[in-house]
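Here is how the chains run, residue by residue.
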Amino acid sequence: MEAQYIYIGLAAVFGIFMAWGIGANDVANAMATSVGSKALTIRQAILVAAVFEFLGAVLAGGAVTTTIRKGIVDATLLSDTPELLIYGMLAALLAAGTWLFIASRNGWPVSTTHSIVGAIVGFAAVGIGIDAVQWNKVVEIVMSWVGSPLLAGVIAYLIFTSVQRLILRHDDPLAQAKRYVPVYMFLAAFTMTLVTILKGLKHVGLNISLTGSYILAMAIALVVALIGAFVIRRIQPDKKLDRKQHFYTVERVFAVLMVVTACSMAFAHGSNDVANAIGPLAAVVSVAHTGVIGAESALPIWVLVLGGAGIVIGLATYGRHVIATVGHKITQLTPSRGFAAELAAATTIVIASGTGIPISTTHTLVGAVLGVGLARGIEAIDLRVVSRVFISWVVTIPAGALLAILFFTIFKAVLP
Amino acid sequence: MANLLANMFGSSPVQPLEKHVDIAYRCTKELVAFFEAVIAGDWNKAAEFRNAIDAYEHEADDLKKEIRLHLPKSLFMPVPREDLLELLLVQDKMANRTKDVSGLVMGRKLQIPAPIAQDFLAFVRRNVDAAKKARKSVRELDELFTTGFRGAEAALVESLIEELDNIETDTDNLQAKLRGQLFEIEATLDPVSIIFLYRVIELTGEIADMAERVGRRLELLLSH
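Chains F and G, in that order, are what the protein sequence lines are.
Numbering of the first sequence is given in our numbering, commencing with residue 1 and proceeding in unit increments.
Numbering of the second sequence is given in our numbering, commencing with residue 1001 and proceeding in unit increments.
Hints were generated in silico from the structure; no laboratory data involved.
Every residue gets a Cβ at the ideal spot worked out from N, C-alpha and C, and that includes glycine.
Hints may contain errors.
Partial pick of chain F residues on the chain G-facing surface, computed with a CB cut under 7 angstroms [to be verified]:
hint	residue
1	Asp242
2	Lys329
3	Ile330
4	Gln332
5	Thr362
6	Ile410
7	Val414
8	Leu415
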């Protein structure tokens, strides 16, 4: 079985390339909101992203990885020819990676998730047969691509409306901010940890009872909120700058909150997007090791670690520049708005991660920002973004699929 | 590279609008020094202030065009785009009227008759006060956007607009008084000058009218 090492080696290289691409481009969107609102410096954002992307990938990335790995292709059709699944997954990885590279070179907005799902559906439908695709799962995924920005938008709208009512429109917004911001921190930490514990940890081999999960999530959230409250209490109003902009100090309180939501966002992003890189890799590893398809092998933890590491490297080498560029352009997203968008997006994404649905984190964030805008929170939103999201859909999915079919044909001819 | 998130933010009109009203106010403010020079009969100095007014008016005009260019119809904003453009227009008119009145006086070397000179200066100052209050109100715009045009901040702007209205009423009263005084001394003046003096008073009074309209426009934003 010499060939199995070639397969695993190739898959690992392609997977790291994908993870690098995700770290270089997609993470920037997740972190730029915090940098743009000046809640974090670029250096801090990279540190937060590195730690929490990695944690998200390893602790909560399992479910989506499983979907990419064996949820889209009906592998039972391939039990006589397991190597076809290997070629296909390799082709899908290379296709998505290549497409992302071409697209970013040309300045087209694309989503890694859409590329990889398009690529897998492409090689399966054309390379193996139209029945090899689990269409009901694919439909579910595509519906969630519409649903996730909408859900994030609704949550963001509700969060920001509550901020306006409880804090910003009050006679003494600073006192109100100091009172309520720890509550938002609690909510953010609670949602993140609860979904992770309930849905993610079983992939790492940890099983905690339902009551235990709730108690643990509450305990962690309480610690986060208490630390936050402590930091916030020390913020003194800057009289001079407050006279110029009445909400200067209030926004500084929100900036503390945004550190928490930035961590959540990085965690959520890691939990969903790592699968794009390592889902196919995991499939290749599983088939190459056992020689059969559908063997109930657990997801090897080193695969998740590899994906997490690839993302962090991409972030450190190239992503920092993208964060700076994007952060610079979204200064309208002050901490009070940015946190609402981030928290809404992170919640939506982490729920999708827990359910095992690969979604576009960027589109979800766009939906969340639109939600804040609908709550009259943003000075000017260019609505053309909606059509751009739509275009990125209709271009990326076929492009990923076509490239995957091409690579699949080549691999079938060339590989042992 | 094209980034969805980065490109979804249009350039916000708020800071530029605040900057524009500041320029417009500075423009009107020069009018006090201008008329002081005119009354003192120092036409060289008056010409200098007239040039300063011209420069401010130009600057306001340029910024106005810039703001309009960056407000495409695809923008989604908490308040209607048209209302912001109207606000911009009346802000700009404060500067325009200042330029008109100073141009008229300068072109004809129009003397302000000594008996009404001090009252006339007080009238000019009150008009500039109105412009200043308009500036103070517009400067709350970013806070209004932050709060979604409701709550304590909206109440604050409403009270500013009320003060602005009071100043405008003041200028109306001063204007009526000034016309009366001018009528009293008409016999002593050259008829052509009299016609233009009435015109100068009218144009100056329009500065406060425009300032008041700035308030009306802000009020409309609050009512959405």
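Right, here's what the structure says about each hint:
no. : hint   : in the structure
1   : Asp242 : 11 angstroms, violated
2   : Lys329 : 4 angstroms, holds
3   : Ile330 : 5 angstroms, holds
4   : Gln332 : 5 angstroms, holds
5   : Thr362 : 6 angstroms, holds
6   : Ile410 : 28 angstroms, violated
7   : Val414 : 32 angstroms, violated
8   : Leu415 : 33 angstroms, violated
Of the numbered hints listed earlier, those contradicted by the structure are 1, 6, 7 and 8.
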